[in-house]
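Chemist: Chains P and V are the protein sequences, given in the same order.
Residue numbers for the first sequence, in my numbering: 5 to 174.
Residue numbers for the second sequence, in my numbering: 66 to 171.
Keep in mind that the hints were calculated from the coordinates and are not lab data.
Note that this is a predicted model, so its numbers are computed, not measured.
Incorrect hints may appear among the rest.
[As the list claims (entries may be wrong)] The calculated label-pair distances, taken between Cβ atoms and stated as ranges, are:
id: 1; chain 1: V; residue 1: V95; chain 2: P; residue 2: E154; range: 33 to 39 Å
id: 2; chain 1: V; residue 1: E137; chain 2: P; residue 2: R84; range: 22 to 28 Å
id: 3; chain 1: P; residue 1: E154; chain 2: V; residue 2: R91; range: 28 to 34 Å
id: 4; chain 1: V; residue 1: D121; chain 2: P; residue 2: N22; range: 46 to 52 Å
id: 5; chain 1: V; residue 1: I141; chain 2: P; residue 2: A14; range: 48 to 54 Å
id: 6; chain 1: P; residue 1: L119; chain 2: V; residue 2: L140; range: 35 to 41 Å
id: 7; chain 1: V; residue 1: A152; chain 2: P; residue 2: T172; range: 43 to 49 Å
id: 8; chain 1: P; residue 1: E154; chain 2: V; residue 2: E137; range: 21 to 27 Å
id: 9; chain 1: V; residue 1: P128; chain 2: P; residue 2: E171; range: 47 to 53 Å
id: 10; chain 1: P; residue 1: R84; chain 2: V; residue 2: K161; range: 37 to 43 Å
id: 11; chain 1: P; residue 1: D11; chain 2: V; residue 2: E148; range: 47 to 53 Å
id: 12; chain 1: V; residue 1: D75; chain 2: P; residue 2: E114; range: 47 to 53 Å
Idealized CB from N, CA, C, for every residue including glycine.
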Amino acid sequence: MAKRHRDLLAQLEPVGLNRYQITESDVQTVEKYLSIIQRGLGESTWQELVDFGGPYGTSILIHEIVEIRLLKARGVHPLRQSTRALRRLLAQHVEAHIIAIYEEHLYLQEVLNRLFGVTFEVATLIKANRGDDVDLQLFLESDVGVYIMEEHRVDEARQALARLKGETAS
Amino acid sequence: MRVRRLQRRDEDGVWFDDAYALEDARGQVVFHYNLTWERLGAEINRQLLAEVVPLDEMERVIPASDDLRWQEPELIEAPDLAEFLAALNEACAIPKARPVVQTLAA
Numbered sequence: 005m006a007k008r009h010r011d012l013l014a015q016l017e018p019v020g021l022n023r024y025q026i027t028e029s030d031v032q033t034v035e036k037y038l039s040i041i042q043r044g045l046g047e048s049t050w051q052e053l054v055d056f057g058g059p060y061g062t063s064i065l066i067h068e069i070v071e072i073r074l075l076k077a078r079g080v081h082p083l084r085q086s087t088r089a090l091r092r093l094l095a096q097h098v099e100a101h102i103i104a105i106y107e108e109h110l111y112l113q114e115v116l117n118r119l120f121g122v123t124f125e126v127a128t129l130i131k132a133n134r135g136d137d138v139d140l141q142l143f144l145e146s147d148v149g150v151y152i153m154e155e156h157r158v159d160e161a162r163q164a165l166a167r168l169k170g171e172t173a174s
Numbered sequence: 066m067r068v069r070r071l072q073r074r075d076e077d078g079v080w081f082d083d084a085y086a087l088e089d090a091r092g093q094v095v096f097h098y099n100l101t102w103e104r105l106g107a108e109i110n111r112q113l114l115a116e117v118v119p120l121d122e123m124e125r126v127i128p129a130s131d132d133l134r135w136q137e138p139e140l141i142e143a144p145d146l147a148e149f150l151a152a153l154n155e156a157c158a159i160p161k162a163r164p165v166v167q168t169l170a171a
């Protein structure tokens, strides 16, 4: 196992890692997965994960590992696919992405409450955490659950996420 | 409306339509992407909302590289627009929302 995967794991948030039983092998799998799906894009989600580390990096890792585990449960082995094949498989199994969005933001909901004592609805956090409404729409149009959107608290949620990322002090 | 396709090169050297930028009548450009773009696609749209970038200058937001290339803008008008975009979404593997419980049970 590469030392950099071990070092990255040490920089992430242990409660989240334990809850999702994430191992060094999972970290290695996520790096490989992202290198396939984002081949040629220049910037990468992997680099964001590494740069943020901490609880926010952990939320990115949770999204990826949940997505990969669900794809495998559906008989798709993502590390054996080409970029072109995988993007079509991801569209066919969009539920893996939607549940990954949900788990990512469920974790963010819990960690924001635990660290800062603030609580936001999952839908509010998705809106605050993405640069557009694509993931929010996919989530709301699925039947994962019934959700409340706190439109008046989206800016507050953005500030809390910025604090979690270490972009602001309070 | 005007559209620019973004093509990506696969491991085997084949170029394929992977995403597109769509410019509305007011000049606002929105980036349409598949799930391989993940958070990056949303960040591009955040950037496009914050700064007006003409369709012809999308290279400023997503630079061309050995593995990415922008095609020339195409002008698409009604009544062909919906059919054109549906085909482009299919080519770019852009997913539609779908009930999760039903899919997992299938």
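Chemist: So, for every hint listed, does it hold in this structure?
Modeler: Checked hints:
1. Take V/V95 and P/E154: their Cβ atoms lie about 25 Å apart, and the range 33 to 39 Å is violated.
2. Restraint check, V/E137 to P/R84: a C-beta distance of roughly 36 Å breaks the suggested window 22 to 28 Å.
3. At about 30 Å, the beta-carbon gap between P/E154 and V/R91 stays in the expected band of 28 to 34 Å.
4. In this structure the hint that V/D121 and P/N22 lie 46 to 52 Å apart at CB holds, the actual value being about 50 Å.
5. Look at V/I141 against P/A14: about 51 Å separates their beta carbons, and that is inside 48 to 54 Å.
6. Distance hint check for P/L119 and V/L140: the Cβ-Cβ separation is about 51 Å, which falls outside the suggested range of 35 to 41 Å.
7. A beta carbon spacing of about 44 Å between V/A152 and P/T172 agrees with the range 43 to 49 Å that was offered as a hint.
8. Checked against the hint of 21 to 27 Å, the C-beta distance between P/E154 and V/E137 comes to roughly 43 Å, which is inconsistent with it.
9. For the hinted restraint 47 to 53 Å between V/P128 and P/E171, the CB-CB distance of approximately 25 Å leaves it violated.
10. Restraint check, P/R84 to V/K161: a C-beta distance of roughly 26 Å breaks the suggested window 37 to 43 Å.
11. The supplied range of 47 to 53 Å is met by P/D11 and V/E148, whose beta-carbon atoms lie about 51 Å from each other.
12. For the pair V/D75 and P/E114, the supplied restraint of 47 to 53 Å is violated, since their beta-carbon distance comes to about 39 Å.
In this structure, the hints that do not hold are numbers 1, 2, 6, 8, 9, 10 and 12, in rising order.
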